[in-house]
Amino acid sequence: MGRYVARRLLQMIPVFIGSTLLVFLMMYALPGDPVRALAGEQHVDATQIAALKAEYGLDKPIWQQYLNYLANLFQGDFGTQIGTQRPVAEVIADAYPITVRLAIFAFVFTVVAGISLGIIAGLKAESIRDRGLLGLTLVLISMPSFVLGFLVQNFFAFQLGIAKPSVSLEPTNGELIMPAVVLASLSLAYVARLTRTSVAENMRADYMRTAVAKGLPRRRVIGVHLMRNSLIPVVTFLGTDIGSLMGGAIVTEGIFNIKGVGSLVFDALGKREGATVVGVVTLLVVVYLVASLLVDLLYAVLDPRIRYA
Amino acid sequence: MRGAKSAKWVAGAAVIALAATACGGSDSSDGGKKNTSGQPAGYVSIDVGEPQKPLMPADTNESNGSYVIQSLFTQLLDFDDKGEIVLTNAESVETEDSKTWTVKLKAGWKFHNGEAVTAQSYIDAWNWYANVDNKQQNAFWFSDIKGYEDVHPEKGAAKSKEMSGLKAVDDTTFTIELSNKVPYFNYKLGYATFAPLPKVFYDDPKAFGQKPIGNGPYTFEKWTHKKLIQVKAWDEYQGPNKAANKGIQFKNYSTVEAAYTDLVSGNLDMIRQVGPRDLPKYKTDLGDGAIDQPYAAIQSLNPAFYSKTFKDIDPKVLQGLSMAIDRDTITKTVLNGTRIPATSFTPPQVKGNQTLDSDILKFNPAKAKELIKAGGGVPENKISIQYNADGGHKEWVTAVCESIRNSTGVDCVGDAKPDFPTDLEARDNNEVKGFYRGGWVADYPVNVNFLKELYHSKAESNNGRFADKEIDELMAKGDKADSLEASVAAYQEVEKALVDKMPAIPLWYYAINGGHGKNVDNVKVDFHGDLELTGVTTK
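In order, the protein sequences belong to chains F and E.
Mapping of the first sequence onto the working numbering: residues 1 to 309, in sequence order.
Mapping of the second sequence onto the working numbering: residues 1 to 539, in sequence order.
So that you can see chain F by itself, here it is in the shape it has in the complex:
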């Protein structure tokens, strides 16, 4: 087990380098010059632009820029934003906590509501409550999150007046519930459906019949025998979902005016702030890597047949 973890951790290094390089190249391939764009329609003389580019090392060939970036990164330096002249690390540190909170809220909601709904439906497949859940999740899956966001905002904030339409500067936990539910809705639908199918299938498995025949209490049959086998596909999905919840918050953060990573990346892309985009993506890659490692380790917990030598 220990060796497996170590190997997995080592594998993260090439993935990490490869993904940052890719993002770096993509930013570089985009047309539009971040220094020039600062001036807008106004003209700036070429010497001044060249001087600014030299200051930020943007005049060097791309491979050199990348090496410099990596070298700085390993010393903990994420670079400097061109426009605001603030360190990227500071900018990200401002934006990350709120997105992490939002993602955790959404994640917990997805897990709790998604799995419970899935079990309830799966235990009695083809019943009315099962069909009801399938219908509801179909609606959630097919509805774009900005539509859902506006609907929820309009209904709870303006029609009922029980919530604020957008979060305040230092959002309280209560304010984050509505955006988190909107953010979670899509994954919730997937989790519920995955759980439902896998529960419904395992209900007919031999080991279930054996467990029931042994006279085990129903709680134990479902809680241990059924759940452990049914949760494997769900856990796989949840693992990758942590990352996408954080990265995919752009729309939700926009609607509820949350100043998190989503709006940060959107802004930075428009202004061609390469260092900021690469920095945020790098952190997201780390989140993905750690999450998928956790998922793989959880497999062993859920199913002892899966062993890592």
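Hints were generated in silico from the structure; no laboratory data involved.
Errors might be hidden in some of the hints.
DSBU-like, lysine-lysine: derived pairs with alpha carbons at most 30 Å apart [stated by the list, open to error]:
1) F/K53 with E/K135
2) E/K206 with E/K227
3) E/K501 with E/K155
4) E/K433 with F/K53
5) E/K206 with E/K181
6) E/K181 with E/K394
7) F/K60 with E/K159
8) E/K367 with E/K394
9) F/K60 with E/K155
10) E/K524 with E/K106
11) E/K362 with F/K53
12) F/K53 with E/K146
13) F/K60 with E/K477
14) E/K394 with E/K362
15) F/K53 with E/K211
16) F/K53 with E/K106
17) E/K246 with E/K135
18) E/K227 with F/K53
19) E/K362 with E/K469
20) E/K188 with E/K394
21) F/K60 with E/K135
22) F/K53 with E/K469
23) E/K155 with E/K458
24) F/K53 with E/K199
25) E/K246 with E/K206
Calculated from the model, a selection of chain E residues having no Cβ within reach of chain F, i.e. all distances over 10 Å [to be verified]:
26) V93
27) V132
28) A139
29) Y202
30) D235
31) A258
32) T309
33) N336
34) L424
Ranges of calculated distance between the beta carbons of each label pair, as one might list FRET restraints [said to hold, decoys possible]:
35) F/P61 with E/K524: 35 to 43 Å
36) F/I13 with E/D285: 48 to 56 Å
37) E/G287 with F/F155: 19 to 27 Å
38) E/G392 with F/T240: 52 to 60 Å
Heads up, the beta-carbon is just placed ideally off N, CA and C, and yes, glycines get one too.
Following the hints, complete the assembly by docking chain E onto the known chain F.
Only chain E this time, still in chain F's reference frame:
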């Protein structure tokens, strides 16, 4: 089996612990003593986003930053809503020959840190701004001043730290000598870039940019990046635009829709622009609070005169294309009445705006066809309009194209660039294939600002590379004039001549469609479309 079970609970506990710490941390910082929106009493809030750059007067040319700069700094003079000069820090700004200007400052003015505002505060600041080594965005605004080439040579580092044209006579008087006559130079002085700086600035300009000290109606309070900038009314301010409120909160919103939602629910007092989604209903939502007012800005289609389509084009073709555009219908329907059809190359709010004695801006498909034919037609019978897709231009570009296609048969397509940086790059590198979308907001309310800066063959913002000797000569005449009136009149002649040259097709003037909530009053709009914050009162 047992072991596996406990491991599961450990993993679960870790997730819960994470959640608990993440939430706990921010809960304690919340304090719970402020009111719900966190706005101190007597303050007014407005949706002004994160400035693009640190807050330095000469490095800010976008509207978020300049809103804050203007609240913190006061220049020599300002303009009223009709575009007339109002002296603020200056007692007088005078000239006899349009070349040497004498500025007298009002006595007793101070910076927020107590330092006196003197002639030297201005001279030092301007020299620093203009210096090429300091890489200030607006450095070229000082290029009229004698000795600019020494501090800002075309290539290389600055040769001198001072412009020879700036001289202090005494503590409150200084003279500005220009390298050429500029009859409207005093109007330029109203631009925020000409603000003075206190001595502490030079110790650490970078730190100053995060925490500026100015001489304006408000003092800097705090800047929570990407969220909020707060400034407080300054009791000792002596200018005519003393704050009527206790302070301002500049709040950052990710979208105009989010800001509008907050305005309607009372969490925000003022909004600068209502988004397309809410335009149809904002007047009913806001009632008296709805703001719908034109300001000095124009949108036009600019031909790239180096492109295959418009190289050596007969102006008659451009006149024809201009007449093929149904401005009335497009502004009313596609643009929801947020624009006013243009009737000349300059907006009505600037000095020297006139009614052109020509019908090139009127919709007339028959004559449009005739003119295009007389001019020899459009090469390949096809034109394109370049625009940035991130700015809400797609709808009207499509409508203009439709109008041109229907009335003349000339094929027209939109050439979308994904965002503004890409659009600018194509313009800078002479890669525009046909028209590009041009937009210009007044820096100072004189017609020169809309003619010389855009259509002089050497103008820096002349991205279509329009070059015409006759126009340049006419402009030179206006620049040599001894008085502002003569200069404005000369530029009116330039504008009349432009009708036969067609450096651009004027489309429409801008209007601000903003609004304010029930908690504030006296919200006015200045000539370049900014809400005037000092006069806003709270109820």
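What hints, given by number in increasing order, does this structure fail? Violated: hints 3, 5, 6, 11, 13, 16, 17, 20, 22, 27, 28, 31, 34, 35, 38.
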